[in-house]
Amino acid sequence: MSELKTPQAGDDHDADDNVVALLMRQHGDIRNLFDEVESGSGDERRDAFRRLVRLLAVHETAEEEVVHPYARRALSGGAQVVDDRLAEEKAAKESLATLDDLDTDDPTFMPRFLKLRKDVQEHARAEERYEFIHIRRSTDAVNLAAMAAAVKAAEAIAPTRPHPGVESAAANVVLGPVAAVIDRTRDAVRKALDQDGSS
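Residue -18 is where the sequence shown starts when you use the numbering used here, and the numbers rise one by one after that.
Just so you know, not all the hints are guaranteed correct.
[Said to hold, decoys possible] Here are the simulated DSS-like pairs of lysine-lysine, each with C-alpha atoms no more than 25 Å apart in a straight line:
hint, residue 1, residue 2
1, K172, K99
2, K71, K99
3, K133, K172
4, K71, K96
[To be verified] Label-pair distances were calculated between CB atoms; the ranges are:
hint, residue 1, residue 2, range
5, I114, D82, 22 to 28 Å
6, R27, K172, 18 to 24 Å
7, D175, A55, 15 to 21 Å
8, Q102, V123, 29 to 35 Å
9, G58, T89, 21 to 27 Å
10, R93, P50, 28 to 34 Å
11, D168, G58, 16 to 22 Å
12, D(-2), L83, 25 to 31 Å
13, E19, D82, 31 to 37 Å
14, D81, E103, 16 to 22 Å
15, E109, P50, 27 to 33 Å
16, A55, K99, 45 to 51 Å
17, D87, A137, 29 to 35 Å
Honestly, the hints are just simulated from the structure, not real lab data. As the structure is a prediction and not an experimental result, all values here were calculated from the model. Even glycine gets a Cβ: it sits at the ideal position worked out from N, Cα and C.
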């Protein structure tokens, strides 16, 4: 079993070879972008929101393709834990898609944005508590590194907009072009895992 470590801000080396540290760092980046959107205005807010949308889409796709399947198989009660996270992710994607259709200066934007922020933060805490801590404790360094590589591969080709309803393979088939992005993401994940000798 690998040594337990808590990721520190700026600990980029650990994030390079540990999927939990990588995703925890992204959770911090997401929190910071929520702050930027909330405190900004005009073009500054629009730019921060665009970056937030991109990071959330990439982050959730990577989790859906790499972390959740592993947690489902490897953790005690993993199926229920993952099902709960997927339901949270679907709701967040729906909210994000609605916000993405609004201008950040729209009077309805900020109340909806603050609700999304609360939901995403609760979701991140649940992932950290029910998935990440157990993955870190029960997974060897080789598999943590392989999953980190797969997450990075998924990030390279993940969708740049939220797509609610693509949390399952069956839904991916129905969505056409979105499914192509997910398929490329899945292929990149599998290729990255195969190169590391993991499955």
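Each hint, compared with the structure:
Proximity of K172 to K99 is assessed by CA-CA distance (about 35 Å); at most 25 Å being required, the pair is judged violated. A C-alpha spacing of about 15 Å is found between K71 and K99, which places the hinted pair at or below 25 Å, so the restraint holds. For the hint linking K133 to K172, the alpha-carbon distance of about 12 Å falls within 25 Å, and the restraint holds. Only pairs whose Cα atoms come within 25 Å are accepted, and K71 paired with K96 is accepted, the gap being roughly 15 Å.
Restraint check, I114 to D82: a C-beta distance of roughly 36 Å breaks the suggested window 22 to 28 Å. R27 and K172 have their C-beta atoms about 35 Å apart, which leaves the hinted 18 to 24 Å range violated. Under the hint 15 to 21 Å, the C-beta atoms of D175 and A55, about 18 Å apart, fit the expected range. Distance hint check: the CB atoms of Q102 and V123 are about 32 Å apart, consistent with the given range 29 to 35 Å.
At roughly 39 Å, the beta carbons of G58 and T89 sit outside the given window of 21 to 27 Å. Between R93 and P50 the beta carbon distance is about 31 Å. The supplied range of 28 to 34 Å therefore holds. Judged by the Cβ atoms, the range 16 to 22 Å given for D168 and G58 is violated: they are separated by roughly 30 Å. At roughly 39 Å, the beta carbons of D(-2) and L83 sit outside the given window of 25 to 31 Å.
The hinted range of 31 to 37 Å is not satisfied by E19 and D82, whose Cβ atoms lie roughly 19 Å apart. Distance hint for D81 and E103: a CB-CB separation of about 21 Å, consistent with the stated range 16 to 22 Å. With their beta carbons about 18 Å apart, E109 and P50 fall outside the hinted range of 27 to 33 Å. For A55 and K99, the Cβ-Cβ distance of about 30 Å falls outside the hinted range of 45 to 51 Å, so the restraint is violated.
At about 32 Å, the beta-carbon gap between D87 and A137 stays in the expected band of 29 to 35 Å.
Hint check: violations occur at hints 1, 5, 6, 9, 11, 12, 13, 15 and 16; the rest are consistent with the structure.
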